[in-house]
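Engineer: Each chain, letter by letter, is given below.
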Amino acid sequence: MSKKFIAFLLAIMVTTVFVMTGCGSDKKTAADQDKNKTKTERVYKIGYWGGTCEAPIFAAYENKIAEKLGIKVELVLMSGRNTAEMLSTGKVDAVLASPGSFKGIEQGMDMVLVDSAHTGCIQASAPINSPINSAADLKGKRVGVDAMGGPLMAYLTNELKRHGIDSKTDVEWKVYPPPQLQTAMDKGEIDCFGTWDPFPQIPVNEGKAKIIWSNTTMSPYKDYTCCFVGVNGKVVREEPEVAKNIQAFFKAGGEFCNTQPDEVAKMMVEKKYTGGTPELNAQLIKDYKWYSDPARGLKDWKWHVKIFKDVGVFDAATNPEELIQKSYKILE
Amino acid sequence: MQTLKKQSALWAPVVALMITLVIHIEMPNKQLANSGYYTMLISFLTFIFAVWAISSNFKQKWCEKLSYYSLFITVVILLTLIYEIITLKEGLLPLPFFPSPVKILEAYVTDWAVLLKSVAYSMRLLILGYIIGMMLGIPSGLMLGWYKKFGYWMNPIVRIIGPIPATAWIPVILVAFPTSFSGSVFLIALSVWFPVTVMTCSGVCNLNKSYFEIARTLGADERYQLLKIALPGAAPTIFVGMFMGLGSAYATLIAAEMLGVKAGLGWYINWAQGWAEYYKLYAALGISALMCSGCTSLLFKVRDRILVWQKGTVKW
Amino acid sequence: MVKVKQESNLNGQISIRNVSKKFMDAKNTEVKALHNVNLEIKAGELVAIIGPSGCGKSTFLRLISGIDNPTAGELYIDDERITGPHFTRGFAFQNPTLFPWKDVWHNVATGLEARGILKDHSADVDEYIELVGLTQFKNAFPHQLSGGMAQRVALARALVNHPKALLLDEPLGALDALTRMSMQDEILRIWNEQQMTLLFVTHDIDEAIYLGDRVVIMSANPGQIQRVIDIDIPKPRRRNDDIFFHYKKIMLDALGVNID
Numbered sequence: 310m311s312k313k314f315i316a317f318l319l320a321i322m323v324t325t326v327f328v329m330t331g332c333g334s335d336k337k338t339a340a341d342q343d344k345n346k347t348k349t350e351r352v353y354k355i356g357y358w359g360g361t362c363e364a365p366i367f368a369a370y371e372n373k374i375a376e377k378l379g380i381k382v383e384l385v386l387m388s389g390r391n392t393a394e395m396l397s398t399g400k401v402d403a404v405l406a407s408p409g410s411f412k413g414i415e416q417g418m419d420m421v422l423v424d425s426a427h428t429g430c431i432q433a434s435a436p437i438n439s440p441i442n443s444a445a446d447l448k449g450k451r452v453g454v455d456a457m458g459g460p461l462m463a464y465l466t467n468e469l470k471r472h473g474i475d476s477k478t479d480v481e482w483k484v485y486p487p488p489q490l491q492t493a494m495d496k497g498e499i500d501c502f503g504t505w506d507p508f509p510q511i512p513v514n515e516g517k518a519k520i521i522w523s524n525t526t527m528s529p530y531k532d533y534t535c536c537f538v539g540v541n542g543k544v545v546r547e548e549p550e551v552a553k554n555i556q557a558f559f560k561a562g563g564e565f566c567n568t569q570p571d572e573v574a575k576m577m578v579e580k581k582y583t584g585g586t587p588e589l590n591a592q593l594i595k596d597y598k599w600y601s602d603p604a605r606g607l608k609d610w611k612w613h614v615k616i617f618k619d620v621g622v623f624d625a626a627t628n629p630e631e632l633i634q635k636s637y638k639i640l641e
Numbered sequence: 004m005q006t007l008k009k010q011s012a013l014w015a016p017v018v019a020l021m022i023t024l025v026i027h028i029e030m031p032n033k034q035l036a037n038s039g040y041y042t043m044l045i046s047f048l049t050f051i052f053a054v055w056a057i058s059s060n061f062k063q064k065w066c067e068k069l070s071y072y073s074l075f076i077t078v079v080i081l082l083t084l085i086y087e088i089i090t091l092k093e094g095l096l097p098l099p100f101f102p103s104p105v106k107i108l109e110a111y112v113t114d115w116a117v118l119l120k121s122v123a124y125s126m127r128l129l130i131l132g133y134i135i136g137m138m139l140g141i142p143s144g145l146m147l148g149w150y151k152k153f154g155y156w157m158n159p160i161v162r163i164i165g166p167i168p169a170t171a172w173i174p175v176i177l178v179a180f181p182t183s184f185s186g187s188v189f190l191i192a193l194s195v196w197f198p199v200t201v202m203t204c205s206g207v208c209n210l211n212k213s214y215f216e217i218a219r220t221l222g223a224d225e226r227y228q229l230l231k232i233a234l235p236g237a238a239p240t241i242f243v244g245m246f247m248g249l250g251s252a253y254a255t256l257i258a259a260e261m262l263g264v265k266a267g268l269g270w271y272i273n274w275a276q277g278w279a280e281y282y283k284l285y286a287a288l289g290i291s292a293l294m295c296s297g298c299t300s301l302l303f304k305v306r307d308r309i310l311v312w313q314k315g316t317v318k319w
Numbered sequence: 329m330v331k332v333k334q335e336s337n338l339n340g341q342i343s344i345r346n347v348s349k350k351f352m353d354a355k356n357t358e359v360k361a362l363h364n365v366n367l368e369i370k371a372g373e374l375v376a377i378i379g380p381s382g383c384g385k386s387t388f389l390r391l392i393s394g395i396d397n398p399t400a401g402e403l404y405i406d407d408e409r410i411t412g413p414h415f416t417r418g419f420a421f422q423n424p425t426l427f428p429w430k431d432v433w434h435n436v437a438t439g440l441e442a443r444g445i446l447k448d449h450s451a452d453v454d455e456y457i458e459l460v461g462l463t464q465f466k467n468a469f470p471h472q473l474s475g476g477m478a479q480r481v482a483l484a485r486a487l488v489n490h491p492k493a494l495l496l497d498e499p500l501g502a503l504d505a506l507t508r509m510s511m512q513d514e515i516l517r518i519w520n521e522q523q524m525t526l527l528f529v530t531h532d533i534d535e536a537i538y539l540g541d542r543v544v545i546m547s548a549n550p551g552q553i554q555r556v557i558d559i560d561i562p563k564p565r566r567r568n569d570d571i572f573f574h575y576k577k578i579m580l581d582a583l584g585v586n587i588d
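So the protein lines, in turn, are chains F, C and E.
Just so you know, the first sequence maps onto residues 310 to 641 in this note's numbering.
Just so you know, the second sequence maps onto residues 4 to 319 in this note's numbering.
Just so you know, the third sequence maps onto residues 329 to 588 in this note's numbering.
It is worth saying that the hints were derived from the structure and are not from the lab.
Cβ coordinates follow ideal geometry from the N, Cα and C atoms, glycine included.
Among these hints, one or two may not hold up.
To be verified - Only pairs whose alpha carbons sit at most 30 Å apart, straight line, appear in this in silico DSSO-like list of lysine-lysine:
(1) 430(E) to 447(E)
(2) 477(F) to 265(C)
(3) 350(E) to 151(C)
(4) 517(F) to 553(F)
(5) 212(C) to 355(E)
(6) 575(F) to 517(F)
(7) 151(C) to 447(E)
(8) 519(F) to 543(F)
(9) 312(F) to 314(C)
(10) 152(C) to 355(E)
(11) 638(F) to 33(C)
(12) 151(C) to 635(F)
(13) 611(F) to 580(F)
(14) 231(C) to 447(E)
(15) 313(F) to 92(C)
(16) 575(F) to 543(F)
(17) 92(C) to 450(F)
(18) 212(C) to 447(E)
(19) 638(F) to 92(C)
(20) 553(F) to 581(F)
(21) 152(C) to 313(F)
(22) 477(F) to 517(F)
(23) 611(F) to 477(F)
(24) 350(E) to 212(C)
(25) 92(C) to 212(C)
(26) 595(F) to 580(F)
(27) 595(F) to 575(F)
(28) 576(E) to 212(C)
(29) 517(F) to 496(F)
(30) 595(F) to 611(F)
(31) 517(F) to 265(C)
(32) 595(F) to 373(F)
(33) 430(E) to 151(C)
(34) 496(F) to 265(C)
(35) 8(C) to 312(F)
(36) 531(F) to 450(F)
(37) 519(F) to 265(C)
To be verified - Have a look at the derived ranges for each label pair, beta carbon to beta carbon:
(38) 53(C) to 321(F): 51 to 57 Å
(39) 317(F) to 93(C): 31 to 37 Å
(40) 89(C) to 584(F): 39 to 45 Å
Kindly generate the complete structure, drawing on both the sequences and the hints.
Structural biologist: Take a look at the structure:
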């Protein structure tokens with residue numbers, strides 16, 4: 310093979326790579342792209358992964374809140390795994406920020422929380438005949454979770470601490486994808502499991518399990534915001550109007566959840582935003598408290614940061630004040 | 004003593020490492036990281052390569068090896084240095100997606116116990132799954148290539164099951180298998196079974212039929228033809244399938260370790276990803292790549308021994 | 329000279345009766361490779377089969393070996409119907425087709441191994457390797473052998489089963505002229521010792537006359553036996569003898585080639 314030919318092949322390969330990544334970066338962020346157009350054409354991209362607790366997004370969208378606010382909103386379906394990544398790279402402008410994103414924020418994801426959304430959507434269940442009734446009974450047991458060091462594990466670790474149980478040595482944590490947790494428990498591979506709703510709730514409704522921990526109903530968790538309104542950092546810093554509109558959008562959606570939970574649940578299932586039955590979704594929506602309260606959100610966020618640091622989910626090196634300063638903003 | 008030109012090749016890695024060391028220590032960091040470990044690592048490497056360079060002046064074999072690899076090593080060191088500059092020192096690439104090499108090293112240092120345990124668990128899974136996949140794949144491929152009737156049932160199965168991604172199996176596996184461990188082994192075995200079967204079948208079908216005709220005139224029955232003619236004849240192609248299976252097994256590791264394992268590289272990667280601690284993810288991927296490369300080399304050695312008869316006939 | 333033990337009762341009388349063979353070619357038209365062929369071959373005879381391309385001589389040999397089956401007619405060896413390959417009818421292709429993953433020794437031993445008697449007869453393998461003069465190379469792999477050596481291994485491999493009949497399909501076609509001539513003597517020598525029926529297909533008229541007791545001349549379209557010529561020269565034959573040219577003239581005439 311002559312040198313010319315080799316050089317030619319290499320050139321093709323390099324060009325291909327550049328074209329592919331170049332085409333990708335053409336999109337830039339949703340914000341940049343729309344900034345180039347006129348103001349009225351700024352399309353708000355709101356990401357969702359299909360959870361019950363994202364109800365405000367769907368409620369606001371279906372009830373034409375966007376039009377009332379004079380904005381254009383587009384809902385973007387993301388995979389549950391990379392909500393934080395989609396947001397912080399600007400592929401979407403806002404998401405409902407669940408505790409699953411907290412660790413990502415700590416690691417530097419450019420997400421800023423601007424408001425509270427609701428309390429409680431994480432629970433843990435055990436088989437109905439199990440000797441486990443609460444976190445106090447978890448010593449020496451196998452607990453199924455959706456992710457190592459995920460929110461459920463963080464909260465439970467907090468609970469275990471209160472009962473003098475060491476989460477690292479006294480409890481065995483096993484990770485399964487959320488839909489498989491119940492199967493694992495049925496097969497006896499784990500003694501109980503915890504994750505987002507609706508998974509822990511389903512066997513309870515079927516009479517096969519009982520709730521052993523819940524941040525919807527148990528103190529002190531029930532008094533703290535669980536999920537927040539998360540906005541892309543760049544948008545907060547450079548497009549405050551957009552951020553305000555997003556906050557209003559979520560707020561309006563939350564109100565619908567408070568006042569018309571059954572209709573919202575029915576709509577969510579019919580339009581295939583989420584799975585499960587309308588009854589199950591309605592039950593969960595009614596259990597959570599929906600409110601928009603930025604100041605309270607800040608207070609609750611501080612509490613979360615403290616808990617996550619205490620149980621070791623956040624790095625020891627992380628400075629809480631700096632983190633909170635960077636990741637929460639009360640919009641004027 | 005070697006010539007000046009040779010000396011420059013021998014000492015190039017050391018020079019590159021020393022440049023790295025100086026820049027690493029002197030340039031201020033724009034990101035948060037524990038620089039100490041990296042300093043130790045680079046100093047240690049500098050020492051190693053210096054010793055190698057010095058002794059190359061006395062030992063011919065070492066000299067040859069060093070001068071052969073010198074260009075590659077030096078380029079790798081310099082690229083790593085450039086990467087460190089644009090991440091740790093200048094903060095040009097966004098965190099947490101592009102961690103600096105210093106941060107990645109930190110992952111190895113802080114999590115070495117977990118990583119070691121994970122390597123052991125993953126190896127156990129991989130070895131079991133690979134062996135089972137092969138033990139099922141080679142016979143299936145042989146039968147598939149030999150008996151038309153077998154193909155009647157097997158062909159559709161192979162074509163439909165083969166391409167199903169491992170993650171799609173997860174719900175079924177957990178229910179169908181007695182333990183999640185057996186389910187995980189099954190996933191790996193399945194990913195190995197598919198390329199091995201396809202390649203074995205292909206190897207048999209592509210054999211010159213003269214071999215079989217001659218064998219029959221020598222008194223060979225079907226069993227002999229299958230085991231002593233088809234199998235060794237198809238061996239080169241079977242090995243291709245085995246290499247592909249090795250890659251598949253590693254790729255499936257992440258999905259296989261989603262089912263309640265206590266440790267493992269896939270489990271660790273899932274964890275790191277969930278926490279957006281990409282430096283840990285890259286650290287684990289580095290280990291995984293090393294392991295896969297090691298397994299591939301081992302497989303090559305096995306192949307070279309078994310297929311020694313090919314030495315004069317194909318590009319070795 | 330190595331004398332190999334005679335075990336089986338070698339007969340090897342072959343009858344071919346009204347044999348036809350049809351193929352479908354690539355364009356799906358019917359090809360009459362052989363049409364109504366009849367031949368009687370005595371036990372222990374050395375018969376050469378010669379003819380132009382497409383006359384069906386290879387097909388003919390394959391039918392006798394049993395690798396292929398006729399579309400009409402029957403073939404018999406020692407009054408037994410030929411329905412498939414058998415180790416009593418040894419075969420060698422023009423391409424030695426040695427098993428590349430086996431060394432010379434194991435290639436030759438294949439027949440015995442396939443029949444499950446290798447353990448007791450492993451000495452036979454060594455003897456036949458010596459018979460073809462390759463003892464020095466018994467551990468070599470096929471890719472290390474020259475064309476002539478490989479063909480000799482193929483011969484030994486076919487012989488190890490003491491076949492009643494040995495069928496060679498242009499065994500020397502791929503070899504250079506000098507090697508061919510020495511190999512012809514090898515074949516003669518082996519045939520003299522083993523005394524099996526030997527049929528071989530060739531392109532080479534000189535070879536046919538040098539080796540054959542009889543020469544079967546075939547013609548193409550459809551494949552048929554055109555003529556059978558007895559070669560009445562006592563063996564061992566010399567290639568320079570005038571009578572050699574006499575038969576060559578007869579052959580060339582029969583094949584339709586003018587030498588004047």
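Engineer: So, for every hint listed, does it hold in this structure?
Structural biologist: Hint by hint, here is what the structure shows:
1. With a C-alpha separation of about 17 Å, the suggested pair residue 430(E) and residue 447(E) falls inside the 30 Å cut-off, and the hint holds.
2. The suggested pairing of residue 477(F) with residue 265(C) holds, with an alpha-carbon distance near 12 Å, which does not exceed 30 Å.
3. For the given pair, residue 350(E) sits about 24 Å from residue 151(C) by alpha-carbon distance, which is consistent with the 30 Å threshold.
4. Straight-line distance between C-alpha atoms of residue 517(F) and residue 553(F) comes to about 45 Å, which puts the hinted pair past the 30 Å bound.
5. Distance check on the hinted pair: residue 212(C) and residue 355(E) sit about 22 Å apart at the alpha-carbon level, within 30 Å; holds.
6. Simply put, residue 575(F) and residue 517(F) have alpha-carbon atoms about 25 Å apart, close enough for the 30 Å limit, and the pair holds.
7. Distance check on the hinted pair: residue 151(C) and residue 447(E) sit about 34 Å apart at the alpha-carbon level, beyond 30 Å; violated.
8. Restraint check: the Cα-Cα separation between residue 519(F) and residue 543(F) comes to about 43 Å, which exceeds 30 Å; the hinted pair is violated.
9. With a C-alpha separation of about 29 Å, the suggested pair residue 312(F) and residue 314(C) falls inside the 30 Å cut-off, and the hint holds.
10. Using a Cα cut-off of 30 Å, the hinted pair residue 152(C) and residue 355(E) holds, with the two alpha carbons roughly 27 Å apart.
11. Under the criterion of a C-alpha separation no larger than 30 Å, the hint pairing residue 638(F) with residue 33(C) is consistent with the structure, at around 24 Å.
12. For the given pair, residue 151(C) sits about 68 Å from residue 635(F) by alpha-carbon distance, which is inconsistent with the 30 Å threshold.
13. In summary, the hint linking residue 611(F) to residue 580(F) is not supported, as the alpha carbons are separated by about 36 Å, beyond the 30 Å threshold.
14. In summary, the hint linking residue 231(C) to residue 447(E) is supported, as the alpha carbons are separated by about 16 Å, within the 30 Å threshold.
15. As the CA atoms of residue 313(F) and residue 92(C) are separated by approximately 38 Å, the hinted pair breaks the 30 Å bound.
16. About 35 Å separates the Cα atoms of residue 575(F) and residue 543(F), which puts this hinted pair outside 30 Å; it is violated.
17. Under the criterion of a C-alpha separation no larger than 30 Å, the hint pairing residue 92(C) with residue 450(F) is inconsistent with the structure, at around 46 Å.
18. With a CA separation close to 28 Å, the supplied pair residue 212(C) and residue 447(E) stays within the 30 Å bound.
19. Between residue 638(F) and residue 92(C) the alpha-carbon distance is near 29 Å, which keeps this suggested pair within the 30 Å criterion.
20. For the given pair, residue 553(F) sits about 28 Å from residue 581(F) by alpha-carbon distance, which is consistent with the 30 Å threshold.
21. Restraint check for residue 152(C) and residue 313(F): the C-alpha separation of about 52 Å exceeds 30 Å, so the hint is violated.
22. This hinted pair checks out: residue 477(F) and residue 517(F) have alpha carbons roughly 29 Å apart, not beyond 30 Å.
23. Under the criterion of a C-alpha separation no larger than 30 Å, the hint pairing residue 611(F) with residue 477(F) is consistent with the structure, at around 25 Å.
24. Only pairs whose Cα atoms come within 30 Å are accepted, and residue 350(E) paired with residue 212(C) is accepted, the gap being roughly 20 Å.
25. Only pairs whose Cα atoms come within 30 Å are accepted, and residue 92(C) paired with residue 212(C) is rejected, the gap being roughly 65 Å.
26. For the hint linking residue 595(F) to residue 580(F), the alpha-carbon distance of about 20 Å falls within 30 Å, and the restraint holds.
27. This hinted pair checks out: residue 595(F) and residue 575(F) have alpha carbons roughly 13 Å apart, not beyond 30 Å.
28. Restraint check for residue 576(E) and residue 212(C): not satisfied, since their Cα atoms lie roughly 37 Å apart, outside the 30 Å limit.
29. Restraint check for residue 517(F) and residue 496(F): the C-alpha separation of about 13 Å stays at or below 30 Å, so the hint holds.
30. As the CA atoms of residue 595(F) and residue 611(F) are separated by approximately 26 Å, the hinted pair is consistent with the 30 Å bound.
31. The suggested pairing of residue 517(F) with residue 265(C) holds, with an alpha-carbon distance near 26 Å, which does not exceed 30 Å.
32. As the CA atoms of residue 595(F) and residue 373(F) are separated by approximately 22 Å, the hinted pair is consistent with the 30 Å bound.
33. Simply put, residue 430(E) and residue 151(C) have alpha-carbon atoms about 28 Å apart, close enough for the 30 Å limit, and the pair holds.
34. Between the alpha carbons of residue 496(F) and residue 265(C) the distance comes to roughly 17 Å, so the proposed pair stays at or under 30 Å and holds.
35. A hinted pair counts as satisfied when its Cα atoms are at most 30 Å apart, and residue 8(C) with residue 312(F) qualifies at roughly 24 Å.
36. Restraint check for residue 531(F) and residue 450(F): satisfied, since their Cα atoms lie roughly 25 Å apart, inside the 30 Å limit.
37. With a C-alpha separation of about 26 Å, the suggested pair residue 519(F) and residue 265(C) falls inside the 30 Å cut-off, and the hint holds.
38. At about 41 Å, the beta-carbon gap between residue 53(C) and residue 321(F) misses the expected band of 51 to 57 Å.
39. For the hinted restraint 31 to 37 Å between residue 317(F) and residue 93(C), the CB-CB distance of approximately 35 Å keeps it satisfied.
40. For residue 89(C) and residue 584(F), the hinted distance range of 39 to 45 Å is satisfied, since their beta carbons lie about 43 Å from each other.
Of the numbered hints stated above, those contradicted by the structure are hints 4, 7, 8, 12, 13, 15, 16, 17, 21, 25, 28 and 38, listed in ascending order.
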